[in-house]
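Visitor: Residues in the sequence shown are numbered from 36 upward in steps of one, following this note's numbering.
Hints in this document: simulated from the structure, not taken from any laboratory. Take the hints with a grain of salt, since some may be wrong.
[As the list claims (entries may be wrong)] List of simulated lysine to aspartate or glutamate pairs, EDC-like, C-alpha gap at most 16 Å:
1) Lys52 / Asp72
2) Lys128 / Asp101
3) Lys159 / Asp84
4) Lys128 / Asp65
5) Lys128 / Glu100
6) Lys52 / Asp92
7) Lys52 / Asp139
8) Lys52 / Asp67
9) Lys159 / Glu81
10) Lys52 / Glu100
11) Lys159 / Asp92
12) Lys128 / Asp67
13) Lys52 / Asp88
14) Lys159 / Asp101
15) Lys128 / Glu89
16) Lys52 / Asp160
17) Lys128 / Asp111
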Amino acid sequence: MSVDSGSAGMAARLGIKPGMVVQELGWDEDADEDLRDSIVEVAGSEMVDEDTDEVADVVLLWWREDDGDLFDALTDAITSLADDGVVWLLVPKSGRPGHVEPGDVTEVAPTAGLSQTSSISAAKDWSGIRLVTPKAARTRR
Numbered sequence: 036m037s038v039d040s041g042s043a044g045m046a047a048r049l050g051i052k053p054g055m056v057v058q059e060l061g062w063d064e065d066a067d068e069d070l071r072d073s074i075v076e077v078a079g080s081e082m083v084d085e086d087t088d089e090v091a092d093v094v095l096l097w098w099r100e101d102d103g104d105l106f107d108a109l110t111d112a113i114t115s116l117a118d119d120g121v122v123w124l125l126v127p128k129s130g131r132p133g134h135v136e137p138g139d140v141t142e143v144a145p146t147a148g149l150s151q152t153s154s155i156s157a158a159k160d161w162s163g164i165r166l167v168t169p170k171a172a173r174t175r176r
């Protein structure tokens with residue numbers, strides 16, 4: 036399957052590479068289908084859901100303000116995450132329905148055992164917040 040440079044660029048911004056296992060959580064009808072398609076094309080396989088036994092290289096978590104408890108969602112997201120894996124928290128951009136305040140993520144992520152490393156425009160209506168487990172920092176102490 037060929038990947039055009041536009042869609043490949045979307046997945047590349049998230050660090051998706053061929054052969055990666057990508058777990059998708061929180062999908063709903065408002066999720067960006069172009070972004071989802073580009074991830075599947077670049078990874079070379081369908082994304083897995085919350086019922087997988089596979090270890091995920093990347094967890095894609097679609098999250099909206101009214102989706103419930105962000106702490107619970109983040110702790111669930113790291114359940115199948117590889118030690119060096121990444122959680123991409125995808126939230127509606129400012130002014131869009133379901134927008135999540137950045138401070139909410141900054142407050143909850145460390146409690147869930149994650150560190151925020153960067154934020155990007157992931158798709159037309161979605162921002163991506165890159166979260167990782169700070170294992171590397173603990174081993175240096």
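Visitor: Does each hint fit the structure? Answer for all of them.
Guide: Verification of the hints:
{"no.": "1", "hint": "Lys52 / Asp72", "in the structure": "holds, 14 Å"}
{"no.": "2", "hint": "Lys128 / Asp101", "in the structure": "holds, 14 Å"}
{"no.": "3", "hint": "Lys159 / Asp84", "in the structure": "violated, 23 Å"}
{"no.": "4", "hint": "Lys128 / Asp65", "in the structure": "holds, 12 Å"}
{"no.": "5", "hint": "Lys128 / Glu100", "in the structure": "holds, 11 Å"}
{"no.": "6", "hint": "Lys52 / Asp92", "in the structure": "holds, 10 Å"}
{"no.": "7", "hint": "Lys52 / Asp139", "in the structure": "violated, 30 Å"}
{"no.": "8", "hint": "Lys52 / Asp67", "in the structure": "violated, 19 Å"}
{"no.": "9", "hint": "Lys159 / Glu81", "in the structure": "violated, 22 Å"}
{"no.": "10", "hint": "Lys52 / Glu100", "in the structure": "violated, 30 Å"}
{"no.": "11", "hint": "Lys159 / Asp92", "in the structure": "violated, 24 Å"}
{"no.": "12", "hint": "Lys128 / Asp67", "in the structure": "holds, 12 Å"}
{"no.": "13", "hint": "Lys52 / Asp88", "in the structure": "violated, 20 Å"}
{"no.": "14", "hint": "Lys159 / Asp101", "in the structure": "violated, 20 Å"}
{"no.": "15", "hint": "Lys128 / Glu89", "in the structure": "violated, 31 Å"}
{"no.": "16", "hint": "Lys52 / Asp160", "in the structure": "violated, 23 Å"}
{"no.": "17", "hint": "Lys128 / Asp111", "in the structure": "violated, 23 Å"}
The structure does not agree with the numbered hints 3, 7, 8, 9, 10, 11, 13, 14, 15, 16, 17 stated previously, though it agrees with the rest.
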